[in-house]
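Number of protein chains: 2
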Amino acid sequence: EEQDLLLAAAYVSDAQYNRNIPFETSPQAIRLYCFYNHWTMQAATYFFICIDLSLALFEEPALFPLPFLATSIVEVLCLTAFLGRLVHFAKVTPQMVFWKDTKNICIMLTIVLTLIDLIVYGSLEAVNIRSVRWSRALRPVFLINFPESRQIRRAFRSIRNTLPDILYVFLLFLFSVLMFSLMALKLFGDRGLKTVEGSPYFTNILDIAFELYVLVTTANSPDVMMPAYDFNGWYSLYFITYIIINTYVFLSVFLAVVYNNYRKHLKNEIRKLAYLKRHKMIEAFNLLKVQVGTEFVVKEAQWRRLAKVVAPDISSSHLELLLRVSDEGQKGHVDKMNFLRLADLLNIQVVTINIKRHPLEAWMPRVYQSSASLLVQRMVRHRVFVWVYDVIILVNAIFIALDERNPFISYAEWLFLSLYIIEILLKLYTYEPRSYFGRRQFWNWFDVLIIIAALVATVANTTIQSARKYSSQQILDIVLILRILRLLRVIVSIERFRVIVTTLINIGPAMLTFGGLVLVVYYVFAIIGMEAFHSKVQFFDPNFTAPDALVCGNPALKDSAFARNRYCKNNFNDLASAFILLMELTVVNHFVLLAGGFALVTHQAAKLYFVGFHIVVVILIVNIFIAFILEAFFVAY
Amino acid sequence: EEQDLLLAAAYVSDAQYNRNIPFETSPQAIRLYCFYNHWTMQAATYFFICIDLSLALFEEPALFPLPFLATSIVEVLCLTAFLGRLVHFAKVTPQMVFWKDTKNICIMLTIVLTLIDLIVYGSLEAVNIRSVRWSRALRPVFLINFPESRQIRRAFRSIRNTLPDILYVFLLFLFSVLMFSLMALKLFGDRGLKTVEGSPYFTNILDIAFELYVLVTTANSPDVMMPAYDFNGWYSLYFITYIIINTYVFLSVFLAVVYNNYRKHLKNEIRKLAYLKRHKMIEAFNLLKVQVGTEFVVKEAQWRRLAKVVAPDISSSHLELLLRVSDEGQKGHVDKMNFLRLADLLNIQVVTINIKRHPLEAWMPRVYQSSASLLVQRMVRHRVFVWVYDVIILVNAIFIALDERNPFISYAEWLFLSLYIIEILLKLYTYEPRSYFGRRQFWNWFDVLIIIAALVATVANTTIQSARKYSSQQILDIVLILRILRLLRVIVSIERFRVIVTTLINIGPAMLTFGGLVLVVYYVFAIIGMEAFHSKVQFFDPNFTAPDALVCGNPALKDSAFARNRYCKNNFNDLASAFILLMELTVVNHFVLLAGGFALVTHQAAKLYFVGFHIVVVILIVNIFIAFILEAFFVAY
Ligand code: NA
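These protein sequence lines map, in sequence, to chains A and B. Residue numbering for the first sequence follows the working numbering, starting at 263 and increasing by one per position. Residue numbering for the second sequence follows the working numbering, starting at 263 and increasing by one per position.
This is chain A alone, in the form it adopts within the complex (with noise of 0.2 Å):
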């Protein structure tokens, strides 16, 4: 009888949260099931996910070293953590579903190989011989098979389902790009014409079938044209004929098979979600349901303790709710079609409005009914108010932009400072400050946060500077960051802004998995980019006046536009810097550029590994976060 209320309550939550992990139905098994599922796990096997990946900072290239014996024992230990976590879902689940899973199998391949790695680097380092620390490249795994991460793993099946599709339309793009190079080598090949830099302009097919890829990025718009173009302008025709059909049609073309394709697999994904979700509510229900009469339905008391084993902080009153609900007639039991809606419930928030008094009109009714508080709080209500306060904050916009060092300015910033907190006051005196500051008072929260944040600095970096006379430039920086974000408030008064920047801040949550997505495919570039290219390229000091200064340190790019352009510091050689190159190549302006510098330090193969990172993160990433934005806009729309 409990088990089987323990079991339903288990196929309950996993419904609710939309979890489909077959396990055992033994009474320990459901136990351990429920401990499997309960968040500290959860955050524990997070947060070694977050250790494992965070210490390519601290490995060889890094950013703050460590000596390879602390890095490894870390690493072992997240390891050993990662094996835990999966001894627990094996037991947990079927022997069988356990050895099928290949998402159980890849953690255990990656566990063996990366300790393979680390014995044979260790080994090779204690006699001296630096070698490749290769399984590094190997961690996202963990972030992407462990149970937890269902939602990167349905985004990175939505982009396996639209590889068939987008293979076809890449292919006919390669070869336009290929036969475009052809021409370009018949037609301009001879000429004896030379770039900007004095290089033979378009003799080598593959160096014009990479001008001609990048140029479809558009990064070497319109240098890669200038010297057909000063030849003769008839020449043009060639270069926007390949723009137009390049450029702006495939690419255009890439997006709407990579919407497609999104869109169909979303449709399915809901569709067999439901499906689980009612299966699961259904054997839920088949375990706790007794016959009353023809029917079979669920009695009220089962019910009642189902719900709070499922969800044990559940108010009473909450509770009460969601039973009538669940019993419309008042028959005392949940009949099959009703309770199959309990997982959907329960995950509904339910906003209680009460309309309470004031507590200043409880505490002191007379003084808060007078006339002059009720103006007070009419004059708050009224829309000049917001008015008002919009202006204040556009004159403190101008003041900001105004020099600082002026003393009267910098009063001022006190000035507004005390206006903002008047206005909190005001409001606070006026509404009701629980429904004030309510779960969904998004914007209420914003500017309390914000106002007290910027109080806080301010009077930390007064009280510094007058004691120390000097200001902490990072102290100084948040202060003035915190200012200009009070400006953002000016947007809640308009209905237009707000409606646009909620739904932006309501996909916000959703966004997060394609963090998930980029920081894994950053992250395995990033960790191939630093073993090919770390120090390669060196940045000192623009102080430092070393002869070695002005190539970034490595004489093959003397006299390239890499060094001429100061791009020293856009390296490989940590892994902050490596992810903010691999930005700069996912907006993919001066792709040339970045790619040129790295294959002359190193071998004009390296471009493969800048167009291969150009393939996966704008062609197929980039254009799944534009889908998932269009999407999300039209169901907002």
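Simulated from the structure, these hints should not be mistaken for lab results. Errors might be hidden in some of the hints.
Stated by the list, open to error - Distance condition first, Cα-Cα at most 30 Å in a straight line; then the derived DSS-like pairs of lysine-lysine: (1) A:K526 x B:K526; (2) B:K534 x B:K353; (3) B:K529 x A:K526; (4) A:K798 x B:K820; (5) B:K570 x B:K551; (6) A:K593 x A:K365; (7) B:K534 x A:K456; (8) B:K456 x A:K820; (9) B:K353 x A:K456; (10) A:K529 x B:K798; (11) B:K365 x B:K561; (12) A:K820 x B:K529; (13) A:K529 x B:K529.
Unchecked claim - Here are the in silico distance ranges between beta carbons for each label pair: (14) A:A818 x B:M641: 53 to 59 Å; (15) B:E757 x A:H541: 36 to 42 Å; (16) B:P426 x A:Q703: 24 to 30 Å.
For every residue, glycine included, the Cβ atom is placed at its ideal position computed from N, Cα and C.
Using the hints provided, position chain B with the ligand relative to the given structure of chain A.
Coordinates of chain B with the ligand only, in the frame set by chain A:
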């Protein structure tokens, strides 16, 4: 009676071609209206529009200079033609409707303004004062406002309907850019940082706003970040946040809003068109109906006469087919429901597939049916035949890539040409020629035309070469392009490729609408640009060693990136150059460099022109183009 038929025919014709022009119903007016819609009149209108638009090639600043007198006479001629067309329209349409239609007012106003401008400019020219031919920017009005340009007007309407929604997003976006500018001013303004060019970094809020606006287009990434990034690695977070919010999220939201409106608008337009079409068909029916029993119908004879008037070129078998479809019960009359479908029926292309015998079979059956002949036919129909020719094409591609000065390779070209001709002859031998060259057989036409053109061009080139001992460069270039286009045939063999290409070809005609839209916007911006920037930047032949050649003939460009990158030919000195420059601006890359160059030779305010162009073309028109491709692909897939 006869007049009713004519009027009904006019209604049906309007419904067939989606024309929405109210016209008078007197017999004379109907005849005038039919004449107004005749293709020769429409072609003449477009001819004069083309002449009028292309005048900019001959006017100062001219690609091919002509005296002002010549161009102004041609312009007056064009204006007369437009006026004539308008007068014709006025005679056709009711007086009230004519004067209420803004399209007509626009045309008349533009004619008057152009005449005033011509007179003022001519008089000033006579006393040697150079003024501005501002009315030239109004010329696209004629392209937009004649009733023929329904598609382009629809695209403009689509943009206009999108404007309110996009405006709010754009204001929010501007607000965000300004907030970030303010932050940048405060964070970096006092640091004394320098750009690569040695100028102060982020010290002026207007410059910062421009640079950050450009960063949205990614055209100055990562340069704009480098000084701050070199100073302190953490400042990269500012730029990464900026790029995520403004480049990725906002630009995606722009696309979402444009696409959303485009779909909504498209649906409305289609609904409206369907309503108007039905309305016209009902009017036509009411003119011709007679009562038979309880219902009103159109007699078969009357129906036939109507169809003959609407579609004079219809074949009798086609007419019988239409009648059979419309009069299903063979009752000798067409009922209302079937009559309303006539306009749509006339638009359906009827492909008559006659399984005809091959002419050779009729001519010499013995030979054509001999076992050797049958073997050849089976061979040609076999899949391997296609594969063999795919291999030949690929080998051909390799030969093209090799050095053609090698005589062996130059002879191989003749071999390939003959192989292709043999292929076509074999196919014509096997397949019935009239169905092989059917209307829908795009790829067969493509094959044959490319081969014949290549043959003609190669023969022409060889003739010239042997006669004059030198090759004509233009013909060589054309031969070369044709030779490479031949490789496109590989696509035909792969089913998936053919699907994609066919989709692209099918949306081709609709893309012409975008061509018109882009032409209008480019023309207006080109004329403004030519008036503002002409001869500020000069291009000198690379072999010419004038001292000014390196600064594009303008000392203001000394040490500028514009001159260093040899962008001298990117100028507004004639219409063709201006169009190519605007194309480069559409692609966005090196936007700062181009805008900066023209700001240097005139005034910093010139950057507004470039930003305006970016907003109109990239944010609006390119997004509509992408929306259009997305929609077309969703329908096709
Ligand atoms: Na770019």
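To see whether the hints hold, each was checked on the structure:
Restraint check: the Cα-Cα separation between A:K526 and B:K526 comes to about 21 Å, which is no more than 30 Å; the hinted pair holds. Using a Cα cut-off of 30 Å, the hinted pair B:K534 and B:K353 holds, with the two alpha carbons roughly 27 Å apart. Distance hint between B:K529 and A:K526 is fulfilled; the C-alpha atoms sit about 22 Å from each other, no more than 30 Å. Distance restraint check for A:K798 and B:K820: the Cα-Cα separation of roughly 35 Å exceeds the 30 Å cut-off, and the hinted pair is therefore not satisfied.
For the given pair, B:K570 sits about 17 Å from B:K551 by alpha-carbon distance, which is consistent with the 30 Å threshold. At roughly 47 Å between alpha-carbon atoms, A:K593 and A:K365 are farther apart than 30 Å, so this suggested pair is violated. Proximity of B:K534 to A:K456 is assessed by CA-CA distance (about 57 Å); at most 30 Å being required, the pair is judged violated. Distance check on the hinted pair: B:K456 and A:K820 sit about 22 Å apart at the alpha-carbon level, within 30 Å; holds.
With a CA separation close to 62 Å, the supplied pair B:K353 and A:K456 exceeds the 30 Å bound. Distance check on the hinted pair: A:K529 and B:K798 sit about 57 Å apart at the alpha-carbon level, beyond 30 Å; violated. For the hint pairing B:K365 with B:K561, the CA-to-CA distance comes to about 40 Å; that exceeds 30 Å, so the pair is violated. This hinted pair does not check out: A:K820 and B:K529 have alpha carbons roughly 59 Å apart, beyond 30 Å.
A distance of roughly 23 Å separates the Cα atoms of A:K529 and B:K529; the hinted pair therefore holds under the 30 Å criterion. A C-beta distance of roughly 58 Å is found between A:A818 and B:M641, which places it inside the suggested range of 53 to 59 Å. For the pair B:E757 and A:H541, the supplied restraint of 36 to 42 Å holds, since their beta-carbon distance comes to about 39 Å. Look at B:P426 against A:Q703: about 29 Å separates their beta carbons, and that is inside 24 to 30 Å.
The structure is inconsistent with the numbered hints 4, 6, 7, 9, 10, 11 and 12, although it conforms to all the rest.
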